[in-house]
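Asker: Given next are the chains, with one letter for each unit.
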Amino acid sequence: MESLPPQWGNCTQKTKKEGTFIMRSTKPFRSCLLSMLLIVVMSWNIFPGAARAQDELRIATSYKLMTLDPHYANLNENTSLLSHIYERLVYQDEKLDLKPGLAVSWRATSETQWQFKLRENVRFHDGSPFTADDVVYTIERIRDFVKSPNGGFRSYVSGIKSVSAPDPLTVVIETSGPVPNLPLSFSSIFVMHRPGQGFQTTQELNAGHAPVGTGPYRFESWSSGEMLKLKRNNDYWGDKPDWPEVTFRVIESPAARVAALTTGDVDIADAIPARDVASLKQRGAKIASVGAARINFIQFDVERETLPGVTDKSGVEIANPFKNPLVRRALAMATDRGVLVDKILAGYGTAAAQVFPNGLPGTSANLTPEAPNYEEAKALLAEAGFPEGFHVVLAGPAGRYPGDGESLQAIAQSWARIGVAVQPATSPFSVFNTRRAAGDYALWYGGTSGETVDVILHALLASPDPEGGSGALNFGHYRNQAFDQMLAKAQSIEEGLERNNALAEATDFVMADQPIIPLYHFHHIVGYGARVAAYAMHPRGWTTAMQTLPVTE
Amino acid sequence: MALISVALGRLAQAFLLLLAMSLVGFLGIHSVGNPVFNIVNIETATPEDIRNATIALGLDQPIWHQYGVFISNVVRGNFGTSYIYHMPAFALVISKLPATLELACVAMLIAAPVGVGLGLLAGRQSGTVFDRIVLRSSVFALSIPSFWLSMMLILAGAILTGWFPSGGRGATASFLGQEWSVLTRNGFWHLFLPALALAIPNIALIARLSRSGTIEVENLDFTRFCRAKGLSPRRILLRHTLPNISMPIVTIIGLQFGGMLAFAVVVESIFAWPGVGKLLIDSIQLLDRPVVMATLTFISVTFVALNAFVDLFHAVLDPRVRLSS
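Chains as they are written, first to last, in my numbering: chain H, 233 to 785; chain S, 1208 to 1532.
Think of the hints as simulated: they come from the structure by calculation, not from any bench.
A virtual CB, placed ideally from N, CA and C, is assigned to each residue, including glycine.
Worth double-checking, as some hints may not be accurate.
[To be verified] Here chain H is said to cover these stretches of chain S; the calculated rule only asks that three of the stretch's residues, wherever they fall, bring their Cβ under 8 Å from a Cβ of chain H:
(1) 1291–1299
(2) 1373–1382
(3) 1416–1428
(4) 1451–1459
[Claimed, not checked] Derived, one-sided and incomplete: chain S residues facing chain H with beta-carbon distance under 8 Å:
(5) GLY1240
(6) PHE1244
(7) ASN1245
(8) ASN1248
(9) ILE1249
(10) THR1251
(11) THR1253
(12) GLU1255
(13) SER1476
(14) PRO1481
Go ahead and model the full structure; you've got the sequences and the hints to work with.
Answerer: Listed below in structure tokens is the structure:
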């Protein structure tokens, strides 16, 4: 802008030489353009920046709210934002222990019967009281009515035979078999209000008839995949919510989230890339982070006799080396997790030795991340019959998890030191899943999360059994009968220390066999601005106004 | 009569184009991957969940059968329900349209006058410093990638100076049953930077086009005659040169406007502007086939309509076109 006037000066000087005719012709245009410029410059001062409501909390979130039906899809994208409107019977605190929500207490009255006592004096946003009948409605709606293609929450209630409400504040649930962790299921299920006759359809809820829950914030307006506006529920049963108004803006591009926080357009931005943390801090934003209750790992195909892309050094196909636990152990030993968490995740990751970060319930204290030991790994590989190493293609998604693509490169370099030549192959997540399901990969980078350790062990490491539902994520078909029994035994114990110890023991046992190589637990990173005093992180990684403490003047 | 046959021919062409596009789009999105892995929660789903979802979405059927079902539904005006948003796909596209429309319109309202003005002036004074500056900076503006330009605009306009918000639509006002940012001051403030990011390459393109046109026309006999007749230079430029160079400019404005409606993906993503382009790229990534197909159809129809409109406009601008038909 500043350099414009001299240029104009130059141009008129030049034109003068060429003749008065042209010079005269430019004058009206020049004055016109200059006055336009002036208007633009002046209007910068006339118009204020974005008008900001003083008490409004503005959050930029990566979680894209796609539907207002709380029972449609069991995805964090939906549940994170809907948790402001709807509540659950039971909560998981930041140590993942169960805490009373809409239920004040619960107990197993027999092997197959549970009794929940509900909170008194709770009202829905439309003023009607919360009763046991609403819980019955919620369970029936999930089990019998919502037919979402992704299954919704049906798996959480599949063990329930019947549910009844003997009095307005008591719910009795009969299960078909023993379900010792039934209360945990209710930490995922949002309670809806019975609307009179029949069930509310997903279309009705999406159409914006204000969704009615018991939560600390009321629904104000939304736009699918764009934004959600909430107002404080002044009749909330718990502590009065801090913010009169909350606006979520869905911003999927991490750079745009960071920019919005930097300029003060929002007070909170979630899922901050680790590489942007330093510059955000420099600009005065504050950062909160916590190790996520999830795991990223390398998974082997241990079933097939030969694998695509696995050859010896001369390119000849070899028998599946990953059937041999020594090879898996050697590769785990040669994996430098320090590089992954310190360099790739810039310190916002925790090296992993098991499925949850150490210290959470059900984790083993015996398992700690090991430093790489290339000598011993090479010796193990030689013992397994591969003194020269071999060639593999290591597949993984790109851009799905923090550090996913770069991790493959780093692992390839580590493994090269013991003679295993790795060709990293990344693809978009949907393509990766399609090809993995088609059996195109020999070993791959994966990630999973769950409410508790046993949920992950059951899905990831238990023998695949479509009937019993175990091993749903055991895509490598790892089978270990002894571990299956230990896990089943642990899962039959009621929540508590004994169950956690049994789970830790089972983890110790199975990890000795190295069915996967745990890599890291990445951290959820949230940045917040001057109007926020503190943000309480939760390992499940939801982003909520309830976790946000305002600055008090 | 001739007009009707031309119109019918156009319509038949458009129909064939749509059919070809739908087939290419359908097969393309099908060959990228299996959408079922994006629909279930892949981190918790059991094989049975995946099987149920596959059947529920009709993905277990052979591809030609799926295409047949799709076409027969489209004929009845139904593009299906979005796999991800659980809303009718076409309604979803339409709901993103106001955001895109206002962005593209404002960008073009900036780009067309500024580009034409710069081009006329530069062409008029070809060889001068001003001309060289326009020429050089247009090369620069055309060659910088739009993500970099957007980032720089955010850096300069939002982060360093704080004059503009860094993204989002801001406040909206309701008009014709849709929400428009351009109607509120706050919304317009949000609109400015992304519109500028879209406008800058178009300014350059239009400026270059009108500059070369101007140089050409300035040397023609009728311009000299105008000068000899003693018309004011301004009148020559606006009344005689501008209409004569406007044909290619109108064509390019039409095409670029269509492009902005459909493919402003990068700018829309970086400025978190919830428009059609962003919807398309998100849907491709999530393999949300109904939405991808609905968006592609919408884009094709828009392009066909814009081209027809440009042709009509040619007739208005150029008496020769009117006379020949």
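Asker: Do three or more residues of the segment 1291–1299 of chain S come closer than 8 Å to chain H, measuring C-beta to C-beta?
Answerer: holds (count 5)
Asker: Are there three or more residues in the segment 1451–1459 of chain S whose C-beta lies closer than 8 Å to some C-beta of chain H?
Answerer: violated (count 0)
Asker: Should the interface hint for THR1251(S) be scored as holding, given a Cβ-Cβ cut-off of 8 Å against chain H?
Answerer: holds (7 Å)
Asker: Hint validation: ILE1249(S) versus chain H, beta carbon distance must be below 8 Å. Holds or violated?
Answerer: holds (6 Å)
Asker: State whether the coverage of the segment 1373–1382 of chain S by chain H holds or is violated, taking the criterion as 3 or more residues with Cβ-Cβ distances under 8 Å.
Answerer: holds (count 6)
Asker: Report holds or violated for the interface hint on ASN1248(S), using the least CB-CB distance to chain H and a cut-off of 8 Å.
Answerer: Given a least distance of 5 Å, the restraint on ASN1248(S) holds.
Asker: Can you verify the interface hint for PHE1244(S): is its Cβ closer than 8 Å to any Cβ in chain H?
Answerer: It holds, given that the least Cβ distance between PHE1244(S) and chain H is near 4 Å, below 8 Å.
Asker: Under 8 Å, Cβ to Cβ, is where PRO1481(S) needs to be relative to chain H, so tell me if that hint holds or is violated.
Answerer: It holds, given that the least Cβ distance between PRO1481(S) and chain H is near 5 Å, below 8 Å.
Asker: Going by Cβ atoms only, is THR1253(S) closer than 8 Å to chain H?
Answerer: With a closest approach of 4 Å, the THR1253(S) hint holds.
Asker: Hint check: is the beta carbon of GLU1255(S) less than 8 Å from a beta carbon of chain H?
Answerer: holds (6 Å)
Asker: If you take the shortest Cβ to Cβ gap from ASN1245(S) to chain H, is it below 8 Å?
Answerer: holds (5 Å)
Asker: For the hint on GLY1240(S), just tell me whether its beta-carbon gets within less than 8 Å of chain H.
Answerer: holds (4 Å)
Of the numbered hints given earlier, the model fails hints 3 and 4; all others are met.
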